[in-house]
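Going down the list, the protein sequences come from chains A and B.
Taking the working numbering, the leading residue of the first sequence gets 1, the next gets one more, and so forth.
Taking the working numbering, the leading residue of the second sequence gets 1, the next gets one more, and so forth.
Since the list gives no way to pick one copy over another, a pair counts as held whenever it fits inside one copy or between any two copies.
DSS-like cross-link-like pairs, simulated, lysine-lysine; straight-line CA separation at most 30 angstroms:
{"#": "1", "residue 1": "LYS51", "residue 2": "LYS368"}
{"#": "2", "residue 1": "LYS263", "residue 2": "LYS226"}
{"#": "3", "residue 1": "LYS247", "residue 2": "LYS415"}
{"#": "4", "residue 1": "LYS226", "residue 2": "LYS368"}
{"#": "5", "residue 1": "LYS51", "residue 2": "LYS447"}
{"#": "6", "residue 1": "LYS51", "residue 2": "LYS362"}
{"#": "7", "residue 1": "LYS465", "residue 2": "LYS182"}
{"#": "8", "residue 1": "LYS247", "residue 2": "LYS332"}
{"#": "9", "residue 1": "LYS404", "residue 2": "LYS454"}
{"#": "10", "residue 1": "LYS362", "residue 2": "LYS271"}
{"#": "11", "residue 1": "LYS113", "residue 2": "LYS51"}
{"#": "12", "residue 1": "LYS447", "residue 2": "LYS182"}
{"#": "13", "residue 1": "LYS182", "residue 2": "LYS362"}
{"#": "14", "residue 1": "LYS447", "residue 2": "LYS368"}
{"#": "15", "residue 1": "LYS178", "residue 2": "LYS226"}
{"#": "16", "residue 1": "LYS465", "residue 2": "LYS186"}
{"#": "17", "residue 1": "LYS182", "residue 2": "LYS226"}
{"#": "18", "residue 1": "LYS51", "residue 2": "LYS182"}
{"#": "19", "residue 1": "LYS278", "residue 2": "LYS313"}
{"#": "20", "residue 1": "LYS478", "residue 2": "LYS420"}
Bear in mind the hints are in silico, worked out from the structure with no lab data behind them.
No experiment lies behind these values; they were computed from the predicted model shown.
Residues per chain are reported as follows:
Number of protein chains: 2
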Amino acid sequence: MLVTRRLNLLLRTIEKTHNDSTGDKHASLSIAVSEPSEPKVVTDIPGPKSKQLIQELDQIQNVGAVHFFCDYDNSHGNYLTDVDGNVMLDLYTQISSLPLGYNHPALINAVSKPENLSTFVNRPALGVYPPADWVSRLQNVLVSVSPPGMTQVQTMACGACSVEHGLKAIFIKYMSDKRGGKAPSKEDMESCIANEAPGSPPLTILSFSNSFHGRTMGALACTHSKWLHKLDFPMPAWPHVRFPDLKYPLEEFVEENRAEENKILEEVEDKIEEYNKKGLPVAGVIVEPVQCEGGDNFASADFFQGLRDITSKRGLGYLMDEVQTGCGVTGKFWAHEHFNLTDTPDIVTFSKKMLTGGFYNKSSFRPKEGYRILNTWVGDPSKIALLGEVVNVIKEDNILDEVKVTGDYLLSGLKQMQVKYPGMLSKSRGLGTLSAVDFNTAATRDKVMANLRKKGVHTGSCGEKTLRFRPTLLFQNKHVDVFMERFDDVLSQFEK
Amino acid sequence: MLVTRRLNLLLRTIEKTHNDSTGDKHASLSIAVSEPSEPKVVTDIPGPKSKQLIQELDQIQNVGAVHFFCDYDNSHGNYLTDVDGNVMLDLYTQISSLPLGYNHPALINAVSKPENLSTFVNRPALGVYPPADWVSRLQNVLVSVSPPGMTQVQTMACGACSVEHGLKAIFIKYMSDKRGGKAPSKEDMESCIANEAPGSPPLTILSFSNSFHGRTMGALACTHSKWLHKLDFPMPAWPHVRFPDLKYPLEEFVEENRAEENKILEEVEDKIEEYNKKGLPVAGVIVEPVQCEGGDNFASADFFQGLRDITSKRGLGYLMDEVQTGCGVTGKFWAHEHFNLTDTPDIVTFSKKMLTGGFYNKSSFRPKEGYRILNTWVGDPSKIALLGEVVNVIKEDNILDEVKVTGDYLLSGLKQMQVKYPGMLSKSRGLGTLSAVDFNTAATRDKVMANLRKKGVHTGSCGEKTLRFRPTLLFQNKHVDVFMERFDDVLSQFEK
Numbered sequence: 001m002l003v004t005r006r007l008n009l010l011l012r013t014i015e016k017t018h019n020d021s022t023g024d025k026h027a028s029l030s031i032a033v034s035e036p037s038e039p040k041v042v043t044d045i046p047g048p049k050s051k052q053l054i055q056e057l058d059q060i061q062n063v064g065a066v067h068f069f070c071d072y073d074n075s076h077g078n079y080l081t082d083v084d085g086n087v088m089l090d091l092y093t094q095i096s097s098l099p100l101g102y103n104h105p106a107l108i109n110a111v112s113k114p115e116n117l118s119t120f121v122n123r124p125a126l127g128v129y130p131p132a133d134w135v136s137r138l139q140n141v142l143v144s145v146s147p148p149g150m151t152q153v154q155t156m157a158c159g160a161c162s163v164e165h166g167l168k169a170i171f172i173k174y175m176s177d178k179r180g181g182k183a184p185s186k187e188d189m190e191s192c193i194a195n196e197a198p199g200s201p202p203l204t205i206l207s208f209s210n211s212f213h214g215r216t217m218g219a220l221a222c223t224h225s226k227w228l229h230k231l232d233f234p235m236p237a238w239p240h241v242r243f244p245d246l247k248y249p250l251e252e253f254v255e256e257n258r259a260e261e262n263k264i265l266e267e268v269e270d271k272i273e274e275y276n277k278k279g280l281p282v283a284g285v286i287v288e289p290v291q292c293e294g295g296d297n298f299a300s301a302d303f304f305q306g307l308r309d310i311t312s313k314r315g316l317g318y319l320m321d322e323v324q325t326g327c328g329v330t331g332k333f334w335a336h337e338h339f340n341l342t343d344t345p346d347i348v349t350f351s352k353k354m355l356t357g358g359f360y361n362k363s364s365f366r367p368k369e370g371y372r373i374l375n376t377w378v379g380d381p382s383k384i385a386l387l388g389e390v391v392n393v394i395k396e397d398n399i400l401d402e403v404k405v406t407g408d409y410l411l412s413g414l415k416q417m418q419v420k421y422p423g424m425l426s427k428s429r430g431l432g433t434l435s436a437v438d439f440n441t442a443a444t445r446d447k448v449m450a451n452l453r454k455k456g457v458h459t460g461s462c463g464e465k466t467l468r469f470r471p472t473l474l475f476q477n478k479h480v481d482v483f484m485e486r487f488d489d490v491l492s493q494f495e496k
Numbered sequence: 001m002l003v004t005r006r007l008n009l010l011l012r013t014i015e016k017t018h019n020d021s022t023g024d025k026h027a028s029l030s031i032a033v034s035e036p037s038e039p040k041v042v043t044d045i046p047g048p049k050s051k052q053l054i055q056e057l058d059q060i061q062n063v064g065a066v067h068f069f070c071d072y073d074n075s076h077g078n079y080l081t082d083v084d085g086n087v088m089l090d091l092y093t094q095i096s097s098l099p100l101g102y103n104h105p106a107l108i109n110a111v112s113k114p115e116n117l118s119t120f121v122n123r124p125a126l127g128v129y130p131p132a133d134w135v136s137r138l139q140n141v142l143v144s145v146s147p148p149g150m151t152q153v154q155t156m157a158c159g160a161c162s163v164e165h166g167l168k169a170i171f172i173k174y175m176s177d178k179r180g181g182k183a184p185s186k187e188d189m190e191s192c193i194a195n196e197a198p199g200s201p202p203l204t205i206l207s208f209s210n211s212f213h214g215r216t217m218g219a220l221a222c223t224h225s226k227w228l229h230k231l232d233f234p235m236p237a238w239p240h241v242r243f244p245d246l247k248y249p250l251e252e253f254v255e256e257n258r259a260e261e262n263k264i265l266e267e268v269e270d271k272i273e274e275y276n277k278k279g280l281p282v283a284g285v286i287v288e289p290v291q292c293e294g295g296d297n298f299a300s301a302d303f304f305q306g307l308r309d310i311t312s313k314r315g316l317g318y319l320m321d322e323v324q325t326g327c328g329v330t331g332k333f334w335a336h337e338h339f340n341l342t343d344t345p346d347i348v349t350f351s352k353k354m355l356t357g358g359f360y361n362k363s364s365f366r367p368k369e370g371y372r373i374l375n376t377w378v379g380d381p382s383k384i385a386l387l388g389e390v391v392n393v394i395k396e397d398n399i400l401d402e403v404k405v406t407g408d409y410l411l412s413g414l415k416q417m418q419v420k421y422p423g424m425l426s427k428s429r430g431l432g433t434l435s436a437v438d439f440n441t442a443a444t445r446d447k448v449m450a451n452l453r454k455k456g457v458h459t460g461s462c463g464e465k466t467l468r469f470r471p472t473l474l475f476q477n478k479h480v481d482v483f484m485e486r487f488d489d490v491l492s493q494f495e496k
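Modelling step: build the complete structure from the supplied sequences, incorporating the hints.
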């Protein structure tokens, strides 16, 4: 009988998970070994089944962004299987949002645990009626990995909402300071209902060229990467400044790069002055520790310290957007930990590999009144149940150390390729496994990516002509070898 | 052994679910019978355990909005149990976001099904790498309940994001029309990156007083209910117009109410003209079919037809925000179906009881290019797996008919109370179980709600002095009786 078969299947899954997660301390890594050993390509990608499904989906919504359809039941670890049976080494991992790859036993375990069942079934209005285990979940999961110096955390459903509400915390703090901590006036409360000053003040946020922070209006106003994200949408006239354009190799251009960053820090100060004078005061600065969508653009610790100094001096909020850089990909849990800032950022946003959106904030950026930072769901406890397993694996299997090892190996491989193919590759760069290399042209990059996919390696692009690497946290040297062999092969065909 | 115990527990849950869902066609309703038969209050609410947890949560985030902590494992159907063991009839249901109440067997089944396991474990970047069953899930779930005349649907993670992206679809359509369908120019594409015209045009959206559409910048710009949602945030200068203020009982004020609505439709036209002349053209109108957060404000079908006429005539988008009114609560799947509009709205947003956010749109409001309406997750297939069960229950158990019956019974009860307590209650109103009654003062309403909670009935407020009812879809006459008995009791104490 079907139901009995399903029960047996489920039982086997749970028993397997139980053995895996208790019998071997490094279960997660040993499970990763049971992945395919290499890619297997059996059709074009997208293949006939994907094409058929794309055609069907086209009846319901725009399919311009769909690459191919996936068989998630049969995807494992670092290997993604599509509906046509092609098995790909996945170096892009759902736009950098899979911490432990596909079907990790710890996550299967989280869904299968009877004590988690009600968490998956009864999604609450978390900010008003939290579940009994909410405080301990927050403490054991989100607080346990909070950036140094930050004890406050607020969950949200996605990355854009995390940025939106992080910005709101900055605006609230700015105006609260301006009121000298006093309660808002009747005029404040009434005027804001109509979107008018003084209750809705003409504040602005300073962001950087090539940034990406999300696609809702406030987050999009701080985003300056591609026209497809922005065209046709009314946007507030908020200021932005160039992001540093560093010369590589870094060790050869120390002085030039320092000068570039100092110049931009000056431009930040000038822009703030300019907007303050215009009557559009800057309330805060938003920045990614590594600009991802905009081209994997790195800047130095000094630059980020400079932004901290400017915002601290002026009493402005400093929002570090770690939606793509957080959760250990750089070899530290949060990328900005590499900067050793003298004082922590005021807001740190997260999402993607964290499985839940949200932000950490300093106590001073915590709203005084309830209901200021809220919505119906404010996140989802079932995502914290999953994230709890991820955090355990990261801690128990020393994943951050693994990421450093693999990241170094990947970067050294990229540098070797760059030496071998100097006309095509430049600017190999990375922090942990968050790494990238530039091509001579966008067309070459796109062609290389297409050829890599034919060999069963799925990659992602960013910026104008950059190939970015966003593997799982369980990406290891052997996976680098699988990639690098095929990368070399593809590049060598271009040289001919 | 602990794991064995858990396995047995899970097995029993699944077997129970299996029997429930196949043995009796009306399993969902018969299961609702296994709820408690009445509330049970054993401590103050919040009780000592809730208070302790609130204190602990206060170390991590603002707790101003937390009412009490819940024991979701031991909540069933229409009855919510808190951590202190108080069992409450829940007429607010997580801010109107629970379709089938607590721990419904169909939802437990969805989480327990082995074939759904990978859906809960592997959340994809849905707009780029959809799962094999995505098209059939969309067809069987979201498309199967689409508003009349709408075949296109886009998922999103939450209500605010649904509104934000629905508005973006309106802006894209407006500018695409303006370009005569031609591709955007180089100037369009470059200027939008800097938030500047022509690529970022100074378009606006017209909304209504007392509206609520969400808390991200674009959605919040259309929201005009309470200062706590809005204070301190910079907002675009978008226009808004009064929402009709109908006199009750409706049958006695037909002419007055028609005049009020016609006057407002004129104001809408005037406001659009005014903003067009100001160089801030109105691209669309956003409205709730019943204003919820703003006070359960109803308007007539003629009013909503009037808005359709104005927007059609002017080529503007018409967004019907059904985040709180959709999923059957009014006795039709979508509240705007009650209006029998000559032409469907252009965008219909949903979330809350739908368990996933998203919006339906007319084909003409579908963007031509890919990547225009997108983000990393664009929703979550696991929520569609849950929603699929909800839709099945609604269809198989003829829930919409049940909602009509219970809604009529609830409203007639409210009207009787209004007759009995004329100094305190007015404006009993409702559509299905989405219903409300006004109090003479906010203080009285708040006191009545507090006293109801002491008797184990949990309710929600809205507007200035309104009590709103937002029960589950499985709310029945017997639950109305439980409420009404206690309501009468509480109100009678005020009269003394």
